[in-house]
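Chains A and B, in that order, give the protein sequences. Just so we're aligned: the first sequence equals residues 41 to 215 in the working numbering. Just so we're aligned: the second sequence equals residues 259 to 709 in the working numbering.
Mixed in with the good hints there might be a few duds.
[Stated by the list, open to error] With a cut-off of at most 27 Å between alpha-carbon atoms, the simulated DSS-like pairs for lysine-lysine come out as follows: (1) A:Lys72 / A:Lys187; (2) B:Lys414 / A:Lys72; (3) B:Lys414 / A:Lys187; (4) A:Lys187 / A:Lys123; (5) B:Lys426 / B:Lys414; (6) B:Lys343 / B:Lys327.
[Stated by the list, open to error] Quick list of simulated restraints, FRET-style, between CB atoms: (7) B:Arg596 / A:Ala160: 33 to 43 Å; (8) A:Gln169 / B:Ala309: 56 to 66 Å; (9) A:Thr181 / B:Ala525: 51 to 61 Å; (10) B:Glu530 / A:Thr181: 12 to 22 Å; (11) B:Glu333 / A:Gly121: 36 to 46 Å; (12) B:Ala459 / A:Ala213: 44 to 54 Å; (13) A:Ala211 / B:Arg513: 38 to 48 Å; (14) A:Gly121 / B:Pro658: 23 to 33 Å; (15) B:Pro658 / A:Arg155: 51 to 61 Å; (16) A:Pro150 / B:Gly495: 47 to 57 Å.
[To be verified] Only part of the chain B face toward chain A is listed, based on derived beta-carbon distances under 10 Å: (17) Trp268; (18) His271; (19) Pro297; (20) Glu303; (21) Gly308; (22) Ala313; (23) Gln440; (24) Lys444; (25) Thr514; (26) Gly545; (27) Arg608; (28) Ile609.
Simulated from the structure, these hints should not be mistaken for lab results. Virtual Cβ for every residue (Gly too), placed ideally from N, Cα, C.
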Amino acid sequence: MIVEGTLFPLDRANVDTDQIIPTRYLGAVDAKGLGAYCFGGLPGIDALYAAHPEATIIIARENFGAGSSREHAVWALQARGFKAVIAPSFARIFEENAYNNGFVLATIPPDALERIFTSASARIDVANQMIAAGGESIAFTLDPLRKEFLLGGGFLRYMAGQIETVRAWEASARG
Amino acid sequence: MGRTLFEKVWNAHLVRELPGRNGLVFIDRAVLYELLGPPAIDAIERDFNGALYDATRVIAVNDHVAPAKDTSTAELALELRRWAKKRGVRLYDVGNNGICHVLVPERGHVMPGSTLVCSDSHTCTIGAFASFAFGIGSTALAGVLLSSAVVVARPKVMRITVRGRLQKDATAKDLALAVVAQLGFKGGTGYVLEYAGDGIASLSMDERMTLCNMSIEAGATTGMCPVDETTIEYLRGREFAPKGDDFERAAAHWRTLVADADAIYDAELTIEAGTLVPTVTWGTNPGESAPLSGSVPFDADSAALEYMGLQAGARLREIELDQAFIGSCTNARIGDLRAAAAVLAGRKVRIPTIVTPGSQLVKRQAEAEGLHDIFQDAGALWTHSSCGACPGLSTGVLAPQMRCISSSNRNFPGRMGMGGRVHLASPVVVAASAVLGRIASPDELQSAVPV
Chain A
41 MIVEGTLFPL
51 DRANVDTDQI
61 IPTRYLGAVD
71 AKGLGAYCFG
81 GLPGIDALYA
91 AHPEATIIIA
101 RENFGAGSSR
111 EHAVWALQAR
121 GFKAVIAPSF
131 ARIFEENAYN
141 NGFVLATIPP
151 DALERIFTSA
161 SARIDVANQM
171 IAAGGESIAF
181 TLDPLRKEFL
191 LGGGFLRYMA
201 GQIETVRAWE
211 ASARG
Chain B
259 MGRTLFEKVW
269 NAHLVRELPG
279 RNGLVFIDRA
289 VLYELLGPPA
299 IDAIERDFNG
309 ALYDATRVIA
319 VNDHVAPAKD
329 TSTAELALEL
339 RRWAKKRGVR
349 LYDVGNNGIC
359 HVLVPERGHV
369 MPGSTLVCSD
379 SHTCTIGAFA
389 SFAFGIGSTA
399 LAGVLLSSAV
409 VVARPKVMRI
419 TVRGRLQKDA
429 TAKDLALAVV
439 AQLGFKGGTG
449 YVLEYAGDGI
459 ASLSMDERMT
469 LCNMSIEAGA
479 TTGMCPVDET
489 TIEYLRGREF
499 APKGDDFERA
509 AAHWRTLVAD
519 ADAIYDAELT
529 IEAGTLVPTV
539 TWGTNPGESA
549 PLSGSVPFDA
559 DSAALEYMGL
569 QAGARLREIE
579 LDQAFIGSCT
589 NARIGDLRAA
599 AAVLAGRKVR
609 IPTIVTPGSQ
619 LVKRQAEAEG
629 LHDIFQDAGA
639 LWTHSSCGAC
649 PGLSTGVLAP
659 QMRCISSSNR
669 NFPGRMGMGG
679 RVHLASPVVV
689 AASAVLGRIA
699 SPDELQSAVP
709 V
């Protein structure tokens, strides 16, 4: 799996899910329609969109996706045409939601992020966990199981495959 | 080697270890609500014939915007209602409902040592009952409906020892804000926060829920409090708690749900409760707070100050307000309403003030105690239970630049309405601020003239 595109430099920490998709759009528009409201709660977003109309890979500061559990944050990013986010850290629920939807998150050290922050584009090789940007090659961390969900797809199919194991565990552990 | 409280609950629910730090963890209780439940329902109905692992483990609540405020929220509530009926899932609907994190414990749907998930980040509230309770996304929730299990990276465990007692006008909310400020908005990421110490033992369950509720605001997976007699007495007699001898047998097990004395933690933090004072946020995340008697810090983030319309060094007590809100899963239980009513008794609010009880049971209890009269005599609006103004959905949405002091948990840009400015504080500070029309602590009211 290769994700390639121009970068969308979001020079902020703590971009929370209320900023990615405000609560009032949840359930009010379908998942595809969320793209029109992506970053609808982020002050100054219009100028950023105007400056980077074709960008598909977000590069942001620490703690991206903090706050609410709304999976709509991932759906809004996908509907807007974003393919991945590169950041030094992500909030837990957002990270889980991204992988469950095949949306790529690349966690890289802050100094590496600094070096490529103003690069025009990036190429993310998920299988090999490498980012190429600004003439650099940067390795990124990825949980092995979440990687399986990304590459193999089908989180729910995986969970469906666990049902018998869970039933057997419940029968023995709970008597 | 001794075990942490978290480890005890984790070990009792670990179906199997998975690659990485992940575990397949059995879930005793799944909770859905109208806003973020339907995507999980859709996934299961569409691809898995609607098959539930065990419908008796599932609870549905119409809570976020209940009753519905418009067509789309009515459609979401209707979907939840129809699905619950079709699949035999217990539903708490308009009139008999409450914010799910308030309702679940008060009805006895959580037991110490259990696991619970909901598609809401504030599910960590329920960790106050020594349960491993945490928020997940809608697809992960669909996985729980299907298999009664989650895939979760095993968190590290941080012990937060609270020593001593809260002093006058300092509350569990101020303790929660202190935890978030000390850890930072992301400092708890990857951790379960295990609260411990005599400062926790002295808190009521309502207060412990307030504290655990804001664990997510430091990025933590959840918070947990150990079981003690306060926990057990809270659960005694609750609708779905065990009864009679069954309860005593259960309680004997619950008493083991404390950390071993020699448990080893991945990180530690100690807070002296006696040093805490009424606190208020000045910024755009819950970690950006200061003592109410102080000022906006000089090193404050400039983007946050611009959004909030504040200057570094501004005195917090001089900030004028447009609205006050007492509500949310953080601070709308009966203890919170009693505390706010004690401040408002015999006084009048100067700004629109909205009081939204955390559940319909809390509402009825408050009315039995006459608290609704105190609020309404003071000029506040007494509403039905819902998430209300907190997520900016109904009954108190802010206009751009409108400034609200709120007992809720999030001050993110746009949280309570586009461009709206939110200051988080305890219910007593919100009440005092409503009376004076500016950020204020209850002790400033001493000189005011009560009726």
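Structure-based check of each hint:
Note on Lys72 of chain A and Lys187 of chain A: the hinted pairing holds, with a Cα-Cα distance of about 24 Å set against a maximum of 27 Å. Among the hinted pairs, Lys414 of chain B with Lys72 of chain A is inconsistent with the structure: their alpha-carbon atoms are about 36 Å apart, more than 27 Å. Restraint check for Lys414 of chain B and Lys187 of chain A: the C-alpha separation of about 21 Å stays at or below 27 Å, so the hint holds. Distance restraint check for Lys187 of chain A and Lys123 of chain A: the Cα-Cα separation of roughly 15 Å lies within the 27 Å cut-off, and the hinted pair is therefore satisfied.
Distance hint between Lys426 of chain B and Lys414 of chain B is unfulfilled; the C-alpha atoms sit about 34 Å from each other, more than 27 Å. Taking the CA atoms of Lys343 of chain B and Lys327 of chain B, the gap is near 22 Å; set against the 27 Å cutoff, the hint holds. In this structure the hint that Arg596 of chain B and Ala160 of chain A lie 33 to 43 Å apart at CB is violated, the actual value being about 59 Å. Distance hint check: the CB atoms of Gln169 of chain A and Ala309 of chain B are about 36 Å apart, inconsistent with the given range 56 to 66 Å.
With their beta carbons about 20 Å apart, Thr181 of chain A and Ala525 of chain B fall outside the hinted range of 51 to 61 Å. The hinted window of 12 to 22 Å between Glu530 of chain B and Thr181 of chain A is violated, with their beta carbons roughly 37 Å apart. The hinted window of 36 to 46 Å between Glu333 of chain B and Gly121 of chain A is violated, with their beta carbons roughly 27 Å apart. At about 31 Å, the CB distance of Ala459 of chain B to Ala213 of chain A disagrees with the hint of 44 to 54 Å.
One distance hint, 38 to 48 Å for the beta-carbon pair Ala211 of chain A and Arg513 of chain B, is violated here, with the actual separation near 27 Å. Judged by the Cβ atoms, the range 23 to 33 Å given for Gly121 of chain A and Pro658 of chain B holds: they are separated by roughly 28 Å. Here the CB-CB span from Pro658 of chain B to Arg155 of chain A is close to 38 Å, at odds with the stated 51 to 61 Å. The hinted window of 47 to 57 Å between Pro150 of chain A and Gly495 of chain B holds, with their beta carbons roughly 52 Å apart.
Below 10 Å, beta-carbon pairs count as interface contacts, and Trp268 of chain B has none with chain A, the closest being about 13 Å; its hint is therefore violated. Evaluation of the His271 of chain B hint against chain A yields a held restraint, the C-beta minimum of about 8 Å falling below 10 Å. Taking 10 Å as the C-beta cut-off, the interface hint given for Pro297 of chain B holds, the closest approach to chain A being about 6 Å. The interface hint given for Glu303 of chain B is broken, as the beta carbon of that residue sits about 12 Å from the closest beta carbon of chain A, more than 10 Å.
Interface hint status for Gly308 of chain B: violated, as the beta-carbon distance to the closest one in chain A is roughly 13 Å, over 10 Å. Taking 10 Å as the C-beta contact cut-off toward chain A, the hint placing Ala313 of chain B at the interface is violated, the least distance being around 15 Å. At a threshold of 10 Å, the smallest CB-CB gap from Gln440 of chain B to chain A is about 16 Å, leaving the interface hint violated. For Lys444 of chain B, the interface hint holds, since its Cβ comes within 10 Å of a Cβ in chain A; the closest pair sits about 4 Å apart.
For Thr514 of chain B, the shortest C-beta to C-beta distance to chain A is roughly 17 Å, which exceeds 10 Å, and the interface hint is violated. Taken as an interface hint, Gly545 of chain B checks out: its beta carbon lies about 9 Å from the nearest beta carbon of chain A, inside 10 Å. A least Cβ separation of about 28 Å between Arg608 of chain B and chain A goes past the 10 Å threshold, and the interface hint is therefore violated. Taken as an interface hint, Ile609 of chain B does not check out: its beta carbon lies about 23 Å from the nearest beta carbon of chain A, beyond 10 Å.
Taken one by one, the earlier hints fail for this structure at numbers 2, 5, 7, 8, 9, 10, 11, 12, 13, 15, 17, 20, 21, 22, 23, 25, 27 and 28, listed in ascending order.
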